Amino acid sequence: MRKKLFVFLLGGMLIFSSYSPAVMAAADDDDDDTGDEEENDEEEENGGDEEALFDVSDDDLLAMPRLIPDRFTYDSGVEIEYPEDGVKGIFSTAHSMGGDNAEDLFGLVNDTSLNSIVVDVKDDHGFVTYETDSDDERVQANTNEIIDDMDGMMDTFEENDIYPIARIVVFKDTELAEEEPELSFLDNGSVWSNNSGESFVNPFVEEVWEYNVEVAKEAARAGFKEIQLDYIRFPEGFENRDEDLEYSEGDYAESGEDNVQNRVAAVTDFVEYAREELRPYGVKLSADIFGYAATVDETPGIGQNFTEIAENVDIMSSMIYPSHWTPHFGIDQPDLEPYNIIDEYSQLENELMDDMEDPPISRPWLQDFTASYLPDGDWMEYGADEVEAQIQALYDNDIYEFLLWDAANNYSEGVDYELDAEQDIVGED
Amino acid sequence: MKKHVRWGMIMIGAGVLGIAGCSESVDIEDAITSKDEIEDQKDAVISNINDILALEAGMQEEFEEDLAENEAELFANQEAQVLSSLEERQALLSDIDDANVTLQVENEMIGNVVQDGDDEALPVEELEDLHAEIAYLHNALSDYIAQYESELDTQATFFNRLGEDDDFEFLTEGIEEINDSQEDIHAQLDNVQDALLSAETAIENVPDEEGDVKDA
Chain A
1 MRKKLFVFLL
11 GGMLIFSSYS
21 PAVMAAADDD
31 DDDTGDEEEN
41 DEEEENGGDE
51 EALFDVSDDD
61 LLAMPRLIPD
71 RFTYDSGVEI
81 EYPEDGVKGI
91 FSTAHSMGGD
101 NAEDLFGLVN
111 DTSLNSIVVD
121 VKDDHGFVTY
131 ETDSDDERVQ
141 ANTNEIIDDM
151 DGMMDTFEEN
161 DIYPIARIVV
171 FKDTELAEEE
181 PELSFLDNGS
191 VWSNNSGESF
201 VNPFVEEVWE
211 YNVEVAKEAA
221 RAGFKEIQLD
231 YIRFPEGFEN
241 RDEDLEYSEG
251 DYAESGEDNV
261 QNRVAAVTDF
271 VEYAREELRP
281 YGVKLSADIF
291 GYAATVDETP
301 GIGQNFTEIA
311 ENVDIMSSMI
321 YPSHWTPHFG
331 IDQPDLEPYN
341 IIDEYSQLEN
351 ELMDDMEDPP
361 ISRPWLQDFT
371 ASYLPDGDWM
381 EYGADEVEAQ
391 IQALYDNDIY
401 EFLLWDAANN
411 YSEGVDYELD
421 AEQDIVGED
Chain B
430 MKKHVRWGMI
440 MIGAGVLGIA
450 GCSESVDIED
460 AITSKDEIED
470 QKDAVISNIN
480 DILALEAGMQ
490 EEFEEDLAEN
500 EAELFANQEA
510 QVLSSLEERQ
520 ALLSDIDDAN
530 VTLQVENEMI
540 GNVVQDGDDE
550 ALPVEELEDL
560 HAEIAYLHNA
570 LSDYIAQYES
580 ELDTQATFFN
590 RLGEDDDFEF
600 LTEGIEEIND
610 SQEDIHAQLD
620 NVQDALLSAE
630 TAIENVPDEE
640 GDVKDA
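Chains as they are written, first to last, in our numbering: chain A, 1 to 429; chain B, 430 to 645.
These are computed hints drawn from the structure, not numbers from a lab.
Keep in mind that the hints are not guaranteed to be accurate.
[Claimed, not checked] Quick list of simulated restraints, FRET-style, between CB atoms:
1) B:D609 <-> A:G197: 46 to 56 angstroms
2) A:N110 <-> B:E593: 47 to 57 angstroms
3) A:E182 <-> B:E498: 41 to 51 angstroms
4) B:E602 <-> A:E272: 49 to 59 angstroms
5) B:A505 <-> A:D297: 27 to 37 angstroms
6) B:N620 <-> A:E308: 39 to 49 angstroms
7) B:D596 <-> A:P327: 48 to 58 angstroms
8) A:L186 <-> B:S476: 52 to 62 angstroms
9) B:H615 <-> A:E357: 46 to 56 angstroms
This structure is a prediction, so every number in the text was calculated from the model and none was measured.
For every residue, glycine included, the Cβ atom is placed at its ideal position computed from N, Cα and C.
Could you put the whole structure together from the sequences, leaning on the hints where they help?
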């Protein structure tokens with residue numbers, strides 16, 4: 001009632017206000033119309049969006065911090081500290097660790113200044129090498145129990161204060177490729193394999209990432225202190241067959257980048273993903289990459305970029321075996337010059353690391369095997385002297401960590417791993 | 430303390446209403462005064478919420494720095510940076526709560542003006558619209574404040590327990606719980622924003638002076 005009265009009175013006010021000339025009123029109306037149009041135009045220019053009063057972030061309020069205090073990280077119950085003098089280790093297959101050779105390898109480490117063993121947790125065929133507690137069907141399906149007493153093995157590591165590193169062969173995975181061809185690369189409908197009969201799974205597929213990281217988490221739960229990612233790459237020479245093979249590029253298909261960039265992005269993103277997923281476990285993350293990856297901006301086929309991978313790991317382990325180099329750094333027969341080739345590489349890597357804001361630890365793989373498969377004249381027998389020459393080259397370049405590779409796990413006797421080097425102690429970060 | 434302020438505001442508001450009720454008439458000046466006050470409080474609410482959001486944006490860095498100290502005592506002794514952020518956000522939330530009380534008081538005044546005012550120049554329709562929008566804003570803010578206070582309690586409990594509990598699951602689940610709650614708060618904030626924008630429009634539609642009334 002009262003409202004109607006006010007409306008009536010206001011109506012009267014409007015009538016009184018009609019003293020103003022009609023033309024003026026019309027002009028006012030026009031102005032109003034124009035003003036409305038301008039407002040509408042502005043709204044359209046702004047995409048018609050409502051004004052945002054608040055700058056609300058889409059990010060989570062909190063995320064797991066990059067550095068998680070030890071008191072919060074997963075406690076596997078295995079107490080082994082990072083070696084104060086830096087990691088100096090050897091590689092062991094699962095068969096060695098699960099068999100009679102384990103005692104010899106532990107003995108070698110105990111009797112020398114070596115302090116670490118890298119153990120195959122997911123091997124070169126793609127088998128998970130021990131029974132895990134994982135609920136993941138792929139993990140269960142692809143387990144081939146070679147190490148039958150993981151707890152006992154970890155006890156031995158702990159009792160002898162030997163730093164355990166879990167090697168996970170990631171994208172070279174014949175087992176998974178054959179089990180699930182859609183995760184691999186197909187050649188005329190069949191799973192593609194290289195000249196050695198090895199197949200790879202596709203780094204563009206995130207299911208493959210998740211599977212490998214699940215294996216890594218299991219290794220952390222078992223007590224390994226470091227996860228080492230090997231074969232984080234596409235097959236060698238992929239740049240020559242990427243247009244012929246059938247495979248998904250996943251989300252990378254729409255990136256707008258070329259094939260090389262997409263491959264680099266996929267490999268780098270996987271490493272970053274692994275780092276994030278493993279952070280709560282308090283394990284260190286290391287990456288094995290080709291030595292030559294440090295010599296080029298980007299490897300065209302395999303998708304490795306030294307710096308981008310290095311930014312996402314704690315340790316970089318370049319595989320710089322003298323026998324694996326083609327003529328490089330002006331050295332025509334690298335296998336014959338173990339000191340020189342390692343020295344040259346180390347200088348190059350140091351430059352790359354120096355340019356990084358927060359570089360990882362350098363811990364190259366060195367050669368403790370004889371590359372008799374090279375053409376005669378290009379190789380020589382490797383023993384203590386040749387291993388020491390490589391180590392000396394590292395020390396001379398202020399690199400005090402290394403791993404020794406021999407696929408047969410038969411390491412040279414009598415090697416002086418310390419070489420009286422004045423070593424910077426590599427502290428825990 | 431906050432409750433005292435709130436009751437103080439209500440008493441003052443009640444006094445204003447009492448005086449208004451005693452007066453012979455409430456008129457457009459009362460309405461304009463209330464509208465101006467509402468506009469001031471609305472601006473204060475926007476500013477305070479943006480300050481809260483800015484503090485939230487800095488939380489991760491503070492959290493990481495606190496944890497990097499790796500000292501449980503930092504949290505147990507209430508010295509962690511994130512706990513300061515909690516206090517600052519609590520203070521801002523109290524300011525928003527005070528503003529919300531004032532909004533309600535002034536809105537009641539407007540309701541009174543609409544109901545009892547006998548000034549012919551009263552823009553009743555606009556004032557009724559403003560009254561409805563401010564009531565909506567008040568409710569939206571009340572929900573937001575209640576939700577945020579609950580969240581601050583959750584965060585305080587979490588950060589304090591970081592001084593006692595070093596369980597990995599506790600850390601991850603605590604972070605997850607806080608992030609989930611934050612999604613609910615953002616949903617409430619969307620409502621607040623809608624209400625504020627509607628209130629702004631309603632405020633603009635109410636003429637500033639008697640002479641502005643209904644001349645178009």
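Right, here's what the structure says about each hint:
1. At about 49 angstroms, the beta-carbon gap between D609 (chain B) and G197 (chain A) stays in the expected band of 46 to 56 angstroms.
2. In this structure the hint that N110 (chain A) and E593 (chain B) lie 47 to 57 angstroms apart at CB is violated, the actual value being about 40 angstroms.
3. In this structure the hint that E182 (chain A) and E498 (chain B) lie 41 to 51 angstroms apart at CB holds, the actual value being about 48 angstroms.
4. The hinted range of 49 to 59 angstroms is not satisfied by E602 (chain B) and E272 (chain A), whose Cβ atoms lie roughly 24 angstroms apart.
5. Taking the beta carbon of each, A505 (chain B) and D297 (chain A) are about 50 angstroms apart, not inside 27 to 37 angstroms as hinted.
6. For N620 (chain B) paired with E308 (chain A), a C-beta distance near 43 angstroms keeps the hint of 39 to 49 angstroms intact.
7. Roughly 56 angstroms separates the CB atoms of D596 (chain B) and P327 (chain A), a value that falls within the hinted 48 to 58 angstroms.
8. Evaluation of the 52 to 62 angstroms hint for L186 (chain A) and S476 (chain B) yields a pass: the beta carbon distance comes to about 60 angstroms.
9. At about 33 angstroms, the beta-carbon gap between H615 (chain B) and E357 (chain A) misses the expected band of 46 to 56 angstroms.
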